[in-house]
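Please build the complete structure, drawing on both the sequences and the hints.
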Amino acid sequence: MAKVIGSIVSTQKDHSLVGKKLMIVQPINSDGKLVRCEEVAADAVGAGIGEYVLLVRGTGARRATGATSSEIQNDVNDCSIVGIIDRFDK
Amino acid sequence: MAKVIGSIVSTQKDHSLVGKKLMIVQPINSDGKLVRCEEVAADAVGAGIGEYVLLVRGTGARRATGATSSEIQNDVNDCSIVGIIDRFDK
Amino acid sequence: MAKVIGSIVSTQKDHSLVGKKLMIVQPINSDGKLVRCEEVAADAVGAGIGEYVLLVRGTGARRATGATSSEIQNDVNDCSIVGIIDRFDK
Amino acid sequence: MAKVIGSIVSTQKDHSLVGKKLMIVQPINSDGKLVRCEEVAADAVGAGIGEYVLLVRGTGARRATGATSSEIQNDVNDCSIVGIIDRFDK
Amino acid sequence: MAKVIGSIVSTQKDHSLVGKKLMIVQPINSDGKLVRCEEVAADAVGAGIGEYVLLVRGTGARRATGATSSEIQNDVNDCSIVGIIDRFDK
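Chains as they are written, first to last, in my numbering: chain A, 182 to 271; chain B, 182 to 271; chain C, 182 to 271; chain D, 182 to 271; chain E, 182 to 271.
Source of the hints: derived by calculation from the structure; they are not laboratory data. Just to be clear, a hint being listed does not mean it is correct.
Because identical chains share one entry, a pair is satisfied inside a single copy or across any pair of copies.
With a straight-line cut-off of 27 Å between C-alpha atoms, the simulated DSS-like cross-links for lysine-lysine are [stated by the list, open to error]:
id, residue 1, residue 2
1, Lys201, Lys184
2, Lys184, Lys214
3, Lys271, Lys184
Here it is in structure tokens:
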């Protein structure tokens with residue numbers, strides 16, 4: 182779980198990252214408390230600033246943002262936003 | 182080891198996550214002490230709020246929640262609940 | 182490096198974990214100082230309570246506890262005990 | 182996100198690392214605050230000392246620095262610089 | 182980055198670890214400050230006590246210590262020393 186707090190502008194980057202929206206995300210607990218430290222995640226679901234989102238890492242991250250299996254095979258990305266959290270039920 | 186403390190409602194998410202129960206889990210020690218920070222895990226064993234559970238990450242997480250190998254191949258999930266803990270023996 | 186401090190009883194779990202001994206391990210430094218937090222690891226070497234052990238995670242963990250490659254292919258486990266430490270040489 | 186703070190000179194190393202620029206990177210938040218601890222990352226984009234960069238780990242790191250798929254198959258590297266950050270938008 | 186501070190004697194271990202030198206390593210920053218906690222890493226470059234070394238984890242670790250692809254396929258190791266650091270340039 183994380184909150185989207187901004188985005189990254191990067192001109193010089195691996196070609197597999199071109200065209201991806203790279204968001205700054207701050208991991209949080211379900212009570213909104215900030216935990217760990219900020220990370221950069223590629224957005225696969227159209228998340229906006231201030232929204233709470235689901236993150237995945239590694240292989241899952243590449244599957245989320247790749248349109249074709251060839252794209253996924255060459256992707257260097259290792260962290261993606263894969264869902265927007267509507268509500269925490271506790 | 183973690184305790185299930187709630188669940189997540191997410192409408193907009195990767196298609197591989199549709200139909201999965203996404204639980205909020207709080208990692209714990211065997212004495213119940215809270216450690217690290219909360220995470221979201223896909224439930225593969227029908228765990229309920231308040232139960233102590235086993236988590237796995239990465240490839241193992243996708244194997245736990247996928248019904249078919251095609252599902253596993255396309256799954257973006259990277260954290261799953263794979264067991265309910267009945268008792269700590271120390 | 183970790184110390185085995187107990188075990189887990191879990192009836193309801195992924196079928197690939199059935200028959201595996203799931204131990205509670207506490208990561209340590211070589212001077213015995215406790216570090217990080219407890220974890221659950223599948224035992225591949227017959228480790229007993231109080232012993233110092235080697236842990237591996239991810240793919241290596243599944244190779245350690247699987248008897249056949251089919252078992253390894255379906256295993257959800259992501260942390261295993263792969264050695265018993267006799268002595269720290271410093 | 183990290184800041185490049187130096188480089189490593191290493192004569193004796195795995196042959197897959199020969200010819201790679203190994204940079205010392207300090208993870209940061211988007212406000213420049215230092216987080217976690219320093220790491221070594223192979224440079225895939227020509228990053229210089231003082232620049233803010235994007236890091237990836239694991240499989241993605243090997244894809245970023247390998248010129249051929251054979252190189253990627255034999256690479257031991259697990260952390261790479263894959264982009265230079267021009268600006269944080271918050 | 183880590184400093185080699187000792188080694189491990191382990192008689193009972195996964196067969197893929199037999200014959201490997203298992204070193205105790207303490208992660209450090211480039212100013213020598215100790216960070217995180219000690220780990221065990223398989224040595225692939227002949228590192229000695231007191232030397233500063235490069236570590237890799239996961240797939241890269243198995244490639245570094247395996248002589249043949251069959252060995253790599255069966256290796257359970259997940260952390261290896263892949264280089265000796267001669268100098269930090271900052």
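Structure-based check of all given hints:
1. Lys201 with Lys184: both (18 Å within a copy, 22 Å between copies)
2. Lys184 with Lys214: So lysine 184 and lysine 214 pass the 27 Å test inside a copy (10 Å) and across (18 Å) alike.
3. Lys271 with Lys184: both (18 Å within a copy, 12 Å between copies)
In terms of the numbered hints stated before, the structure departs from none.
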